[in-house]
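If you read the protein sequences in the order shown, they are chains A and B.
First residue of the first sequence? That's 0 in numbering that gives the first Met the number 0, and the numbers climb one at a time after it.
First residue of the second sequence? That's 0 in numbering that gives the first Met the number 0, and the numbers climb one at a time after it.
One should not assume that every hint holds.
One copy or two, it doesn't matter: identical chains are merged, so the pair holds either way.
Below, computed lysine-lysine pairings styled on BS3-like, alpha-carbon distance capped at 30 angstroms [to be verified]:
(1) Lys318 - Lys493
(2) Lys56 - Lys87
(3) Lys56 - Lys102
It should be emphasised that the hints constitute simulated quantities derived from the structure, not laboratory data.
Protein chains: 2
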Amino acid sequence: MVENARFSELRTRIAELKDIDGILGLLTWDEETHAPQGAREQRGQQTATLEGIRHQKVIDARFGELIATLAGDESLSAEEQVMVARIKRRRDLATKLPESLVKEIAELRSIALASWQKARAERNYSAFEPYLQKTVTLMRAKADALGNTSGERYDALLDEFEPGMLTARLVPVLEELRAGLVPLVDKILGAPEKPNKTFLENQEYDVEAQWKMTLKLLEQLGYSFETGRQDRSAHPFTVNCSESDVRVTTRIFPNNPLSAIFSTIHECGHGLYEQGFRREHHRTSLAEVPSAGLHESQSRLWENMIGRSRAFWTYYYPKFAAVFQKQTEGVPLESMYRAVNVVEASPIRVEADEVTYNLHILVRFELEMALISDSLRAGDLPDAWAEKMKKYLGYTPKDDAEGCLQDIHWGWGSFGYFPTYSIGNLYAAQLMAAYEKENPAVWYDVSSGEFAPLLSWLREHVHQVGYLKSAETVISDATGSGLSTGPFLAYLRKKYADIYRL
Amino acid sequence: MVENARFSELRTRIAELKDIDGILGLLTWDEETHAPQGAREQRGQQTATLEGIRHQKVIDARFGELIATLAGDESLSAEEQVMVARIKRRRDLATKLPESLVKEIAELRSIALASWQKARAERNYSAFEPYLQKTVTLMRAKADALGNTSGERYDALLDEFEPGMLTARLVPVLEELRAGLVPLVDKILGAPEKPNKTFLENQEYDVEAQWKMTLKLLEQLGYSFETGRQDRSAHPFTVNCSESDVRVTTRIFPNNPLSAIFSTIHECGHGLYEQGFRREHHRTSLAEVPSAGLHESQSRLWENMIGRSRAFWTYYYPKFAAVFQKQTEGVPLESMYRAVNVVEASPIRVEADEVTYNLHILVRFELEMALISDSLRAGDLPDAWAEKMKKYLGYTPKDDAEGCLQDIHWGWGSFGYFPTYSIGNLYAAQLMAAYEKENPAVWYDVSSGEFAPLLSWLREHVHQVGYLKSAETVISDATGSGLSTGPFLAYLRKKYADIYRL
Chain A
0 MVENARFSEL RTRIAELKDI DGILGLLTWD EETHAPQGAR EQRGQQTATL EGIRHQKVID
60 ARFGELIATL AGDESLSAEE QVMVARIKRR RDLATKLPES LVKEIAELRS IALASWQKAR
120 AERNYSAFEP YLQKTVTLMR AKADALGNTS GERYDALLDE FEPGMLTARL VPVLEELRAG
180 LVPLVDKILG APEKPNKTFL ENQEYDVEAQ WKMTLKLLEQ LGYSFETGRQ DRSAHPFTVN
240 CSESDVRVTT RIFPNNPLSA IFSTIHECGH GLYEQGFRRE HHRTSLAEVP SAGLHESQSR
300 LWENMIGRSR AFWTYYYPKF AAVFQKQTEG VPLESMYRAV NVVEASPIRV EADEVTYNLH
360 ILVRFELEMA LISDSLRAGD LPDAWAEKMK KYLGYTPKDD AEGCLQDIHW GWGSFGYFPT
420 YSIGNLYAAQ LMAAYEKENP AVWYDVSSGE FAPLLSWLRE HVHQVGYLKS AETVISDATG
480 SGLSTGPFLA YLRKKYADIY RL
Chain B
0 MVENARFSEL RTRIAELKDI DGILGLLTWD EETHAPQGAR EQRGQQTATL EGIRHQKVID
60 ARFGELIATL AGDESLSAEE QVMVARIKRR RDLATKLPES LVKEIAELRS IALASWQKAR
120 AERNYSAFEP YLQKTVTLMR AKADALGNTS GERYDALLDE FEPGMLTARL VPVLEELRAG
180 LVPLVDKILG APEKPNKTFL ENQEYDVEAQ WKMTLKLLEQ LGYSFETGRQ DRSAHPFTVN
240 CSESDVRVTT RIFPNNPLSA IFSTIHECGH GLYEQGFRRE HHRTSLAEVP SAGLHESQSR
300 LWENMIGRSR AFWTYYYPKF AAVFQKQTEG VPLESMYRAV NVVEASPIRV EADEVTYNLH
360 ILVRFELEMA LISDSLRAGD LPDAWAEKMK KYLGYTPKDD AEGCLQDIHW GWGSFGYFPT
420 YSIGNLYAAQ LMAAYEKENP AVWYDVSSGE FAPLLSWLRE HVHQVGYLKS AETVISDATG
480 SGLSTGPFLA YLRKKYADIY RL
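Let the hints inform the model, and build the full structure from the sequences given.
Structure representation (structure tokens):
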């Protein structure tokens, strides 16, 4: 291939951007795990300075010129063309928004977040309401500035997190999901013989022992400590400090050992994805995840489909019981397996089980669409929330704190993100069904602690693809069909018929 | 005061530079303490990218224009004028060196370091010799590019670390130091009754217990964990991740508890300095240390004058003995005090006691001056080294590894740094003598674990001055005289006459 000087220059500039992305990742990691309390203000300034430098590099005129010349240049290889398209998208998102709007959004965010915190602490929505309404107004302006061809304003926001996905395509899928879930939840909640998990929670589990188990677990699942590490933080997260430095965090509660186990497995799923890019894609825009939903599919696949399977606990329970002998005395494997799969109509999304979880998402998805389309006013949100919760989950929130104030997303100005959680759950089930078909020994492997075959299948079909294909193409190439509810609903029906003796 | 728009712009640009300095500090900290092994290559690229961005900001034409207009502008306040002078110096250093020379130095450094490592491992100087000679040639070119008015090429290199200091001033002082030290060392080494420290080294000290003691010690000395933290690393260091985030590291050996204690106290001294800048100087070029020697004075003052004093061990030994009961059984305080002050003619600088330490420095200082002035060729270094070691310390190195290959400095291209260690020791003694005169209760305080009075004196006379005065002015304002050997020699003579019963 002929050396293309412009492309080389573009590639160098992309590599520098990726370097800055990674450094910003490290700043976040450090702030959430190690930075001393008194460092916060200056850390904020450092982050703002580096984000400003990055923004200048993205909107730089010469950078734009290179991209414009190279976009659609068919003398480039297929991979190079995707690289150009990816960086073009990134620059477009950065340049389409007027600086004044970006500033307005940032300023409102800090006030809105403060009012949200206050409102949540006081369990009273009214302090947040005016700022939420202002946020919606700015989000509408943002959507209009980003533009979209579908005629649906919400699509411009959704596209930021789930490129290529459209409301018109997503709504019927999630409708179908809801239609499948509501009766299933009903049936489960009405089942006479319920599993029990209180035996787990009324005991003390040594924190240091839990910590060591999560480290070992990461290793067992295939996470690389050569290019990663685990720390503790208030809220578990995965952060890319470079493609060869992908860090995860977990949190540990002395009276709830499942929290650490499942948050470790969840973040491990994200981490395995980011550790799995091709070496030759490092420092390019190909070493990126094509959508938030696809990212979530990896965490949910490991957390739920693997981590909450009977096969996994067949492998893991003896280890768990060896460390926590006293706490597991007289508790057979089957009770443990059922305990990690309790279904409840609970008010809080982040504590929801895998069956009800998507109903929590649907409530948010429908409400944020309504807010953006102006068919719902912020003042009417608590009632609309309560009504949907009642309808989908049969639960009425006791107050706003366990209702529409529970998530940070809207105060943060994040609209269009919620549905990616459900997309992730559906993708996870599709991938798992396809893998199971190709590898009938999967549950034998898992029950023997053999996770490498699954990981190498995911590496090939998802991780190593990087940004070369759209999320939905990744899925349809790997599974034979695009986003669909079939495998997820089938998985739940089968699993919970067994657990709840339906 | 009238708002000066140009000065405001300059100040904003300086703040951004300081933000980048701090981020680079964090990258270093992370690399030495937490980063996974596999992250090294990309971390190197990230650091290079951010250093490149910083360099561009420093040499930026508009930045230069602002500095040029504001330099000598007497409508600025005194502090503002210093701020401009400081940043002018920084920019001058960055712009005086041709890019081609900077590149040559960087490229040679990586080869020279590799050859130094190899040579040291093989205990054979010859592999390093040609690269050392090349390094010297480039250092001469660097000195010429930086320029100097003293007629002494070495001064340009020294000035980078010890602004304002000249060979003509330094040589007689260090000569005087040598003239005082050599006979003192002779006397000490000839003393019939020698203290003994083997009882300390032939035992095992729990690593976790040592770690906890060092954390507690930092707290006792006044180090703030609100704006700092301690971690472990292969080589202890202090790093400024921002003025409100100053981190230290230590290292722990199971069979040598003094190593952790003294490296913690040493880094604590550096850390206290950087934590002690005025709040209103943060993110400006006033929150900086005016010289490497002054920085070192703070670490050495705490490590040696305090940490190796009888008063300190009166306070600290009961705590130490409470943790390590078995190891200290039958060891009286006096033996411990003498053990931490053993003087030896040892070959290795970093393990040297406070009496012989400066003779190690003198060997290096005189040799690097000779290399830069071309009166010594790299090929003759091992012999010259051995000769000086014999003359000053009465010790002949067994091979090159314990001779001229022991330090990384020259392989790294760091010429002009060594003498700052001795300057630091002299400054430390001057400060301590002045403090003792003003505060006769000092040893009572120290033996009671009261370090706050000393710290607040150092805050006032050294730390809070920041970059407002030159290092030597800081010292003469605090002590009544500039760089001098008197207090240091007097301190050693008195202390060791006692310990060695001279």
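Q: Would you list, in rising numerical order, the hints stated earlier that this structure does not obey?
A: When the structure is compared with the hints, none of them turns out to be violated.
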